[in-house]
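Read top to bottom, the protein sequences are chains A and B. Going by our numbering, the first sequence opens with residue 1, and the numbers climb by one from there. Going by our numbering, the second sequence opens with residue 1, and the numbers climb by one from there.
These aren't lab readings, by the way, just hints derived from the structure by calculation. A few of these clues could be false.
Stretches of chain A that chain B covers, calculated by requiring three or more beta carbons in the stretch to come under 8 Å of a beta carbon on chain B [stated by the list, open to error]:
(1) 42–54
(2) 170–177
(3) 203–217
(4) 228–238
(5) 531–537
Positions of the beta carbon are idealized from the N, C-alpha and C atoms, including for glycine.
Each chain is listed here by its residues.
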Amino acid sequence: MIKTFHQAARRSIMKRTLGSVAIAIALGSVVGTATVAQAATPDNMLVIANRIDDITTLDPAQSFEFAGSDVNRNVYGKLVNFDPMNLEAGYEPDLAQSWTVSEDGKSITFTMREGVKFHSGNPVTAEDAEFSLRRAVLLNKTPSFILTQFGFAPENIEQTIVADGNTLTITTDKKYATSFVLNCLTSTIGSIVEKALVMENEKDGDMGNDWLATNSAGSGAYKVVSWKPAESVTLVSNPDFYKGEPAMERVIVQHIQESATQRLLLEKGDIDVARNLNPEDVAGIDGKEGLAVTTELRGRLMYISFNQKHPELSKPKVVEALKYLVDYNGMQNSFLKGQWQVHQNFLPATYLGAIDDTPFSFNVEKAKALLAEAGVENLEFETGVREAQERIEIAQSLQNTFAQAGVTMNITIGTGKQILTRYRARELDMYLGAWGPDYPDPHTNAGTFAFNPDNSDEAQATGLLAYRNAWDPGPLSGMVEAAVAEGDTDARRGMYEEIQREFQATAPFAILFQKTEQTGVNAAVQNLNLGSAVTAISYWPVSK
Amino acid sequence: MSATQDTLGPHPRSARSSWVTVFYSIIKTLSMILATMLGLLFVTFIIGRIMPIDPVISVVGERASKEVYDAAYASMGLDRPLLVQFFLYISDVARGDFGQSLLNSRPVIDDIKRVFPATLELATLGTIIGVTIGVPLGVIGAVKRDTWIDQLSRIIALVGYSMPIFWLGLVGLLVFYGILGWVGGPGRVGIFYVDVVPVVTGMILVDSALDGQWDVFRDALSHIVLPASILGYYSLAYISRMTRSFMLEQLGSEYITTARVKGLSEYVVITRHAFGNIKVQLITVIALSYASLLEGSVLTEIIFAWPGIGSYITTALLSADMNAVLGGTVVVGLVFVCLNVFSDLLYVFFDPRSR
Chain A
1 MIKTFHQAAR RSIMKRTLGS VAIAIALGSV VGTATVAQAA TPDNMLVIAN RIDDITTLDP
61 AQSFEFAGSD VNRNVYGKLV NFDPMNLEAG YEPDLAQSWT VSEDGKSITF TMREGVKFHS
121 GNPVTAEDAE FSLRRAVLLN KTPSFILTQF GFAPENIEQT IVADGNTLTI TTDKKYATSF
181 VLNCLTSTIG SIVEKALVME NEKDGDMGND WLATNSAGSG AYKVVSWKPA ESVTLVSNPD
241 FYKGEPAMER VIVQHIQESA TQRLLLEKGD IDVARNLNPE DVAGIDGKEG LAVTTELRGR
301 LMYISFNQKH PELSKPKVVE ALKYLVDYNG MQNSFLKGQW QVHQNFLPAT YLGAIDDTPF
361 SFNVEKAKAL LAEAGVENLE FETGVREAQE RIEIAQSLQN TFAQAGVTMN ITIGTGKQIL
421 TRYRARELDM YLGAWGPDYP DPHTNAGTFA FNPDNSDEAQ ATGLLAYRNA WDPGPLSGMV
481 EAAVAEGDTD ARRGMYEEIQ REFQATAPFA ILFQKTEQTG VNAAVQNLNL GSAVTAISYW
541 PVSK
Chain B
1 MSATQDTLGP HPRSARSSWV TVFYSIIKTL SMILATMLGL LFVTFIIGRI MPIDPVISVV
61 GERASKEVYD AAYASMGLDR PLLVQFFLYI SDVARGDFGQ SLLNSRPVID DIKRVFPATL
121 ELATLGTIIG VTIGVPLGVI GAVKRDTWID QLSRIIALVG YSMPIFWLGL VGLLVFYGIL
181 GWVGGPGRVG IFYVDVVPVV TGMILVDSAL DGQWDVFRDA LSHIVLPASI LGYYSLAYIS
241 RMTRSFMLEQ LGSEYITTAR VKGLSEYVVI TRHAFGNIKV QLITVIALSY ASLLEGSVLT
301 EIIFAWPGIG SYITTALLSA DMNAVLGGTV VVGLVFVCLN VFSDLLYVFF DPRSR
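Work out the full structure: start from the sequences and follow the hints.
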């Protein structure tokens, strides 16, 4: 394949070489007339420009970053997975062909799909699935909580994660909604690795953690050729992929930091996809022949929250007034255009149970009336913001609109450590920040925004957003616990809708926006799906 | 000195004493290098520990529970006194172990082996361009003082000094890559040649030549020529101004007038007499310029997606990956020290007075 690429490239390279010599001379202002025809990537290759310097490892038991999830989604199969061409359908069988749930709702038995092979050619077995899940628990890396929240622990995995012939049974510590468990298994940590290959590369009892950081042992549509940190990731297709060999035989993701550089590469035809274009560059390529801009919702939310230890901010009318002092549409249509869209509840659109009510809009008169009802005048408080341009601009907008109702908001800008440390210690009056879901189930956000069973300082539940704002959600905590155990998916959906409506009316949180991602693509690229809010990008359906 | 002594040749004692002098000067140089590196490491280490970025959050993420956070804090050795941490680090470095990058869990030394050759390749080509054009430009500017050639050289240098490299890089890309298509785009090689050449030195031009892959060589050349030219431009702006200034000083000296009065040709006066006497100063200027390029030009590396040491250290710093920052700092520090020692050796070669 390389040889074919060489031949395809040779002519343009020859011309470029001559150009290279010319450019050296061009410093002396020699100007030539040679031009090179617009390049194009080969039909069987997908080239993507993206910021990938957040990848810390490719081991699915440890990887927890966006760019790492993009790689692993295409390299590893899971017991259940999302179909990129029908994400709305939710999880569906992948390496597990079917499953049954025990009567007490605590055990799920998966029957493995026959005939699926790892990249090595070895069959995918229930033993590999057992090893993969046990390994993730034993390694106890950052994303392990996605599995350990079901009660899996190093002491009990031999009883709770068990392979038997062609089946794998997992047993949770109590009854959870099956949809909750299965949604969690679609996360990167649910990836099935090849036991024999991984253990061949074990070092000092690390269960292959070091080796898998830069190699792959999966059964997915692609295998890893190389990962060079902050430089590139190269994948090559798996001809034996059980859903059929992908059309793109090679996928190269190049780390290109600058939006302008990504745009230039896209316009020249040297890449097929530019994933980090800023609004100006999106506008610049929009409507150009041969290029297209796609917009997709992602899971990240932008929100503000008010510390309930503050004597004035703990008054419901004050919180409500402040929710009316946000210029949602003004921000969405100006400096956030194409990057964020108005969304006012804690479940991102496309999540099970998400609602799209937007009861709050910018209304100074209403806010003033509410403040007067609360008997609050000359309100002044501090807001903590991390030093990110987008957040600072939102803070400035809020400062301006709050001031229109006589509310003084002082902005403190700091590093992640400075602001987060104070937020976790419940010291900030108001926090402005972003939150992304950990796994594609409503509990990921419900369990942090609307759940805080012990609001005392001693509880130190600093991982919960409700706790960080010293907010006791009252009955909502119980409702969240009930929803996560509800076996009937429709009933569960209804419970989250109810929780969110109550949350929207009473919580000291104002959810402002949901992230949208605008991507510049070569118009020839078809079926590219970034994964929406629930998962990561899929390369296997792509064609050109 | 008597005639007898002359016939005996050098006194054995003086030979020994010259060896002792060389030995002492080697010891002195090595001590200087060691002290500089220790000082550099200490300052960087302390700055890294007191700056308000939390390396633990970089590793465990901002949502980690207190237990996970505390476990990572302890496993990274951050619960120990600062000086103990520093001495443990130094003892590891002395064994050639720079630790693992907190961000990508790989040995820092492996990362440096990957990113430093990229910068070395770029900086060397940039310096060659800077010297090849900058030195003659400076000499001509001095010889043709206040003529249009001198004005032109001044304008070229002024533009080089004042133009933001970020802007120049983008415009360069737009014109020479985007519009004219003379050069390759960002990155070290085109997508066709990613991972094709076996890594020997890490410098693609060298490795592709060693492997006889001339297609790759030409492609790599087409990618490096623009960023190298932009770096070379900055380098030549500095080198040409300094060369002009050194030359003017020499051309105004009495010995130059004497040479001219003796009837020597202007070419000989300029090249042999005036230029011959500025070599030592030029070495310092070129070495400093080269060293500054070897630190890695962060903006150039970002614009041209060039995975060099500048962007490596910057990314590491912003992510509190202190092992990577310290490893990179050691390399950059060593480069500075080595270039200093090398220019000292060149002084000895070019200037008989320092022998």
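Against the structure, the hints come out as follows:
1. Proximity of the region 42–54 of chain A to chain B, defined as three or more residues with a beta carbon under 8 Å from a beta carbon of that chain, is established by the 3 residues found.
2. Given as covered by chain B, the region 170–177 of chain A fails the check, having 0 residues with a CB less than 8 Å from a CB of that chain where 3 are the minimum.
3. Taking a C-beta to C-beta cut-off of 8 Å, the region 203–217 of chain A contributes 3 residues in contact with chain B, enough for the three needed, and the coverage statement holds.
4. With 6 residues carrying a beta carbon less than 8 Å from a beta carbon of chain B, the region 228–238 of chain A meets the three-residue requirement, and the given coverage holds.
5. Using a Cβ-Cβ cut-off of 8 Å, 0 residues of the region 531–537 of chain A lie near chain B, which falls short of the minimum of three, so the contact claim is violated.
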